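Taken in sequence, the protein lines are chains A, B, C and D. Each residue of the first sequence is one higher than the one before, starting from 1 at the first, in this note's numbering. Each residue of the second sequence is one higher than the one before, starting from 1 at the first, in this note's numbering. Each residue of the third sequence is one higher than the one before, starting from 1 at the first, in this note's numbering. Each residue of the fourth sequence is one higher than the one before, starting from 1 at the first, in this note's numbering.
Hints should not be assumed to be uniformly reliable.
The list makes no distinction among identical chains, and a pair is therefore deemed to hold if it is satisfied within one copy or across any two copies.
Calculated pairs, DSBU-like style, for lysine-lysine (alpha carbon to alpha carbon, straight line, at most 35 Å) [said to hold, decoys possible]: (1) K165 x K105; (2) K218 x K165; (3) K218 x K113; (4) K113 x K266; (5) K165 x K266; (6) K266 x K295.
To be clear, the hints were calculated from the coordinates, so they are not data collected in a lab. These numbers were taken from a predicted model, which means no experiment stands behind them.
4 protein chains.
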Amino acid sequence: MPNPRVQSMLEKAQAARRNRARLLISCPDQPGIIASVSQFLYSQGANIVQSDQHSTNPDSGLFFMRIEFALPDLQERADALRDGFAEVADRFRMDWRLEFASVPKRIAIFVSKEDHCLLELLWQWQAGDLFADLVMVVSNHPDARAVVEPYGVPFYWIPVTPESKPEAERRQRELLRGQVDLVVLARYMQILSPDFVQEWRHRIINIHHSFLPAFIGKNPYARAHARGVKLIGATAHYVTEELDEGPIIEQDVLRVDHRDEVEDLKRVGRTVERNVLARAVKWHLEDRILIHENKTVVFA
Amino acid sequence: MPNPRVQSMLEKAQAARRNRARLLISCPDQPGIIASVSQFLYSQGANIVQSDQHSTNPDSGLFFMRIEFALPDLQERADALRDGFAEVADRFRMDWRLEFASVPKRIAIFVSKEDHCLLELLWQWQAGDLFADLVMVVSNHPDARAVVEPYGVPFYWIPVTPESKPEAERRQRELLRGQVDLVVLARYMQILSPDFVQEWRHRIINIHHSFLPAFIGKNPYARAHARGVKLIGATAHYVTEELDEGPIIEQDVLRVDHRDEVEDLKRVGRTVERNVLARAVKWHLEDRILIHENKTVVFA
Amino acid sequence: MPNPRVQSMLEKAQAARRNRARLLISCPDQPGIIASVSQFLYSQGANIVQSDQHSTNPDSGLFFMRIEFALPDLQERADALRDGFAEVADRFRMDWRLEFASVPKRIAIFVSKEDHCLLELLWQWQAGDLFADLVMVVSNHPDARAVVEPYGVPFYWIPVTPESKPEAERRQRELLRGQVDLVVLARYMQILSPDFVQEWRHRIINIHHSFLPAFIGKNPYARAHARGVKLIGATAHYVTEELDEGPIIEQDVLRVDHRDEVEDLKRVGRTVERNVLARAVKWHLEDRILIHENKTVVFA
Amino acid sequence: MPNPRVQSMLEKAQAARRNRARLLISCPDQPGIIASVSQFLYSQGANIVQSDQHSTNPDSGLFFMRIEFALPDLQERADALRDGFAEVADRFRMDWRLEFASVPKRIAIFVSKEDHCLLELLWQWQAGDLFADLVMVVSNHPDARAVVEPYGVPFYWIPVTPESKPEAERRQRELLRGQVDLVVLARYMQILSPDFVQEWRHRIINIHHSFLPAFIGKNPYARAHARGVKLIGATAHYVTEELDEGPIIEQDVLRVDHRDEVEDLKRVGRTVERNVLARAVKWHLEDRILIHENKTVVFA
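Throw the hints in and build the complete structure from the sequences for me.
Encoded structure:
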């Protein structure tokens, strides 16, 4: 249980979101989709609060849509709503889901030693800026326990060595299964196994430093410094089998100059990483991200 | 006639926009608007390319919508489309208009001595970034003639003194009437009469420097310098009877520091002004701005 | 005493700054200042690590300088250094001070109910990004106690009513006197008396929301929303007798749009406020700010 | 000869810079450099207007310095100044040069078909924001002639085919030799031969698109689009033998999103390229850039 202050903030946020839902749709583009979806919602008595669409190409492309609507007695009518919409969805061969805005997504944060991303997420969460159920923090080091537990969030220290890794992952996945909707890798420095990634496909968000040009491999900050880059960036993305090649959710950069030593670049890197990761997580929690192929559509 | 290079760019842009139209709507919010509008467009065979909505409040607020759609033989079917939509519009008490994307808006640029905003608009226009018919440049000084005429744009030098002002305005308004859709005040340092503003209400865009805090009155840059501000801003807005109090379209700032003299602040101010004005004009040309009360909704 | 984790971070930071000092100078500009100062430091065996200068006007203006240097056995030689430099200083009629980089400034944070600025400062402090001795947090409300005390920082709840204000200020000033170098008003919503401000002149930093245009008086966010502003800003400044008119240290803005309700503007305002205040405090702690008249020179 | 308007602006700028010079220094760091340099300038009667230093490491690193100073009768005393300073320079084993602020650097702009960078440079130059002698524009295509010649700037069309390339380069280098101080590659799409680059080492500035992650090779914009990047960047750098691997002068990014097609990414890329290149050129013209190894020190 979160501490009482956070708990009361979450309850207030939940109440404010009552009777709000989001419909997320992707399908082949064709005329009539918006008409049919909005007609259906109207017939149900729903009031569209926000609607965003995107088409990769009106002729033969893909269509994406996010509709947030208000509907009295939403919970009671959820089944009927789903059944009714299934017919519309069938007609347009839609991938779709219905999300209740008042149900906080359950998240697990994975962290290693560097805690700047963890702290930012904790802070935004306890300030009510991230509406989520923070179910657990998992780390391969014990260090973060002290900052996590005062918030009433369970902390699991699961050390990882080359030998213990399979067992550690087994335990991690056991902890997550059925308890969590999203895993956030907040500078978790272990590579997840392909099995893990597959099970949690598009439900793991990672944060990664980024440079212009790229410095792939060891010691990127030292090499960025040697090259005299003027910008330090970060990329938040969903994790796929190809490691850092999953769909990009958000990117940003901050400025550095010749006076910045390697340590300064790292400090700037921490700032841009925590900002970018927090934005990406927030958008995921608010169902603002749709994925197709290896790209995201973010209705920010 | 624009010079041949610009002319050919405009023609290409026009061809790319053929059969595209934008429907702009404001009305009291109520359930069923999106459903009805999208159903109507579907029934006409139109394909929605982009759709943006905003509601100030789903219960008793105002609803704003911009739909861009593609429809074969658009020009031929325009009258039928308008007639048909009028019924939908009546039902929801809509303010609405239909704009053809391929018809460039006709703009007049007013300028005094400082030509940075004029030049930015000219450059973006000749580069094809502003799709418009640049009908004339009007100035109370002769200086800008040399940069305007090589583009094949008519330049009118209409001096303004306290005595000649009424006559000058009469001539300006005569030039504009029926020839122009939008007047851009690109650092035009004369105050337009209330009559002029009324006639061109919400069709004049002005650019104005902005500071934190505000420095109202004379010598704002000198006073901003004396106060040691760290940001220099600009605001683009529609002109209303209350001078610089009209609906804000866009704002931005740039950074300055203690090394910047008054002249540097002015230089930075010019840069932020030209960027902000060009964005505001672009959004207007693309029918992305809706006005209500003293605010804008910008579907950027 | 800070908790052990923070304590160890502070000690490491201190060690890294050993034998580092900063010389801060303002005086009438004239030829030879840099030559004399650098010659003096050289004669003492000091090595200049960073040097920044600014002149408002080489002819008859003011000259500002910040030199950071390394000198073996700095502490032992401090008195001799000061005595020696006094001669140089006399010659050029300098205002000057010598600051030891390894001596953390002692700060007190004042806060009311909104804790976003307090939290940012706490976080940056415990992360080692703000090198300071956080001596106390003072509030007119008890709410912040829970976030402050886990860090081992004393928290003083001093309620303020119109009647109790003189007594409350008396107690606050008693707490501060001799214990604190800088007071940070981190959304402290009580106006300090002129006496208080005078005693702590240029040693109180305040954070203030800022808008383009300005909305002076009550409910600025509601009025900014009604006006449809596109930017929300914040200004950090030293407190002087004229309230929010003291020397500006830093300003920044963030973008908002028509979808943002008053509550969203406030949320954005909190983000820009915490960032701007933290930067201003950091620069003060690192002796990067010189004040003259009502302006700052920031050698960032 | 530039057209009269530009010519008069240049002459005014020149007058404002009279008696101003810049001393650029790099040498092994050791105590006493600043003292000696500033002492020397003082002894000459010079008044330091701006001074920037940087040391990679006070112990065994490199020291960089840029001093801008005012000295009456500068031109007449230039030789004495140089002779005198040579002694100081010898003592510290300095690389150094003395630049007169009133002598505009002579630049040649190379361009291919895309003219956005050329236009930005022309505009800033004619507005007085780039103080330079624009000696010529060289292109392998005839297209840019129309925008260049109205400014009174000679335009050379030198077509380049695989066969004609050696001869074309020979002609280009002949045009440049003795006439030009800086070559700006403003989207010049031909690779210069190693000989050319060697002759003009650190005197050629190039602009290059940049992405996070990098897309090396063909069709970078299409690949950036396929990958769904959220930022489009540009890097301005000096050209060295390793093509795009020379010292970075400036970088920046702009934001894109899922609605941006490949063409939009290119348009955004053009904007960021022209801004970044213009800043880099401006800093070079003002002698704000020092190079060591493969990095720049930019005293911006």
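Results of checking the hints against the structure:
1. For a Cα distance limit of 35 Å, the shortest separation of K165 from K105 inside one copy, 28 Å, qualifies, whereas the shortest one across copies, 45 Å, does not.
2. In this assembly of identical chains, K218 and K165 lie within 35 Å of each other by CA distance solely inside one copy; the values are 22 Å within and 40 Å between copies.
3. For the identical chains of this complex, K218 and K113 are intra-copy neighbours only, at 18 Å inside a copy versus 40 Å across copies, given an alpha-carbon limit of 35 Å.
4. When the C-alpha separation of K113 and K266 is checked against a cutoff of 35 Å, the pair qualifies both within a copy, at 14 Å, and between copies, at 33 Å.
5. In this assembly of identical chains, K165 and K266 lie within 35 Å of each other by CA distance solely inside one copy; the values are 28 Å within and 45 Å between copies.
6. In the homo-oligomer, the alpha carbons of K266 and K295 lie at most 35 Å apart both inside one protomer (28 Å) and across protomers (18 Å), since each shortest distance falls under that limit.
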